[in-house]
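**Q** Sequence:
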Amino acid sequence: MSWLDPDDDLDDQYEDFDESSIRERPNPKANRPRTKRRPAHEDAEIGLVLGVDRGRYTVMMDEGTADERIITTTRARELRRAPIVTGDRARVVGDTSGTEGTLARIVGIVERTSLLRRSADDTDQVERVIVANADQMLIVVAAADPEPRPRLVDRYLVAALDAGIRPLLVVTKTDLADPAPFLSHFDGLDLRVFTSARGEMPVDEIGADLIGHSTVFVGHSGVGKSTLVNALVPTADRATGHVNQVTGRGRHTSSSTVSLRYENADGAGWVIDTPGVRSFGLGHVDPAHILGAFTELAEIAEACPRGCTHLADAPDCALIEAAEHGELNPAELARLDSLQRLLQTFADKAEKHADK
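Start counting the sequence shown at 9; every next residue gets the next number (this note's numbering).
Treat each hint with caution, since some may be false.
What follows is a list of derived Cβ distance ranges for each label pair [unchecked claim]: (1) Thr121 x Asp245: 26 to 36 Å; (2) Asp212 x Ile54: 25 to 35 Å; (3) Pro210 x Glu310: 33 to 43 Å; (4) Ala48 x Pro313: 50 to 60 Å.
The hints are simulated quantities; they were obtained by calculation from the structure and are not laboratory data.
Remember, predicted model here, so these are calculated numbers, not experimental data.
Ideal Cβ positions, reconstructed from N, Cα and C, are used throughout, including at glycine.
Please put together the full structure from these sequences, using the hints given.
**A** Now the structure itself:
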């Protein structure tokens, strides 16, 4: 038995309703649902990032060929959070003709061979990428005006080792002071050293080591780094400054990182000039890599017990015992102090992190 009235025609009751009259609200972003799949960009060309300026990237295409050209690019939306830095090999699509007014797009970065980074300080986990794919670092230090800072150079050496980059050192302004006391701090290191004075800049000697390499120049503000770059690359036109006679600090002149081509009769290489810095944080560095930057101490440390911290209170530390027994010369003692200061900073950071 049915509760429906056989006289009722259900179809007739709803004949006034027509679904075709329903108005659907359109998708304001697209007619098709969004997808996380991105185009493969199989037609992308590879270019070298020479510089970055306010969201625009200067890229060299077809480097070293008859079709070599400079183009301006922006980054694709999917790379919004990925750092793109000087020295990167970028995958580029769009108008890559280099014609004035055109704008191409970077859609990917080729795997890097090296990455030089620094942080604001040793406790800061936020790192700043300086340059990609460099294989050499030229550390520029002044013999005087401003005074050389051995511990800053130690930090550069640690950063270079961590990135797998060969370090070089040039001491400028040697006409103002004898660089020997400062250089003694690095006795025993496998470190190529150049000296430079007013009117006696070793452009040819340094240039010989630049051929076939991508070399990043780093240094404290006011040490003459931009002057050296301009001597090596006359078309660079990098701004130069002076040292404040009251504070003894240099004024920042180079405000951006840029790649410049060095050329001579024997070949070519890349000079990557960076802004001068007064500090170089190593918050991103694995503490296990620090000892490797102190070559002469690392050999002594091989006699240390496993897990030795090499800190001042480390039991049975071969470095401490060598210092106590007078087996380290003054330069090695200074290097040991620098090493222990760096290691102590990381130890304090690890302890602070464990307490949270």
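**Q** If a hint holds in the structure, say so; if it doesn't, say that too.
**A** Do the hints match the structure? See the list:
For the pair Thr121 and Asp245, the beta carbons lie near 29 Å from each other, so the given range of 26 to 36 Å is met. Roughly 32 Å separates the CB atoms of Asp212 and Ile54, a value that falls within the hinted 25 to 35 Å. Against the hinted window of 33 to 43 Å, the Cβ-Cβ separation of Pro210 and Glu310 comes to about 36 Å, which satisfies the hint. As the Cβ distance of Ala48 to Pro313 is approximately 53 Å, the hint placing it in 50 to 60 Å holds.
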